[in-house]
Amino acid sequence: MVNTMANVNKDALVDAIASKTDLSKKDVEAVIETLVEKITEEIRTGNKVTLTGFGTFKTSARAAREGINPQTKAKIQIPAMTVPKFT
0 MVNTMANVNK
10 DALVDAIASK
20 TDLSKKDVEA
30 VIETLVEKIT
40 EEIRTGNKVT
50 LTGFGTFKTS
60 ARAAREGINP
70 QTKAKIQIPA
80 MTVPKFT
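Per numbering that gives the first Met the number 0, the sequence shown runs over residues 0 to 86.
Keep in mind the hints are simulated off the structure, nothing from the lab. Keep in mind the model is a prediction, meaning the values are calculated, not measured. Even glycine gets a Cβ: it sits at the ideal position worked out from N, Cα and C. Among the hints, erroneous ones may be present.
Unchecked claim - Computed list of lysine-lysine pairs in DSS-like fashion (alpha-carbon distance at most 25 Å, straight line):
hint	residue 1	residue 2
1	K57	K74
2	K57	K9
3	K37	K84
4	K84	K72
5	K84	K57
6	K9	K24
7	K25	K37
8	K84	K9
What the hints assert, rightly or not - Estimated spans, in silico, between C-beta atoms of each pair:
hint	residue 1	residue 2	range
9	T81	G52	36 to 44 Å
10	K19	N68	43 to 51 Å
11	I67	K24	37 to 45 Å
12	A63	D14	38 to 46 Å
Starting from the given sequences, assemble the full structure and let the hints guide the process.
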């Protein structure tokens, strides 16, 4: 089976949104940057950000685990950490 899913980056989103609105690319980019900054700020302080009909940004605790150094193949301990999550 062939994967036909395309990756869309920020520039492509800016172009698409600007073409569907009366906003300039510069304004759309500023809105996207501000949105990402605010979501990051909120989840760093332990809050969830829910966009109804789309999903929720939050943090999740990842347990410590054993990994393998890809260069040396030696076993390593990866510490527990908090990671961003989108559901």
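- Query: Which numbered hints does this structure break?
  - Reply: The structure breaks hints 1, 4 and 9; every other hint is satisfied.
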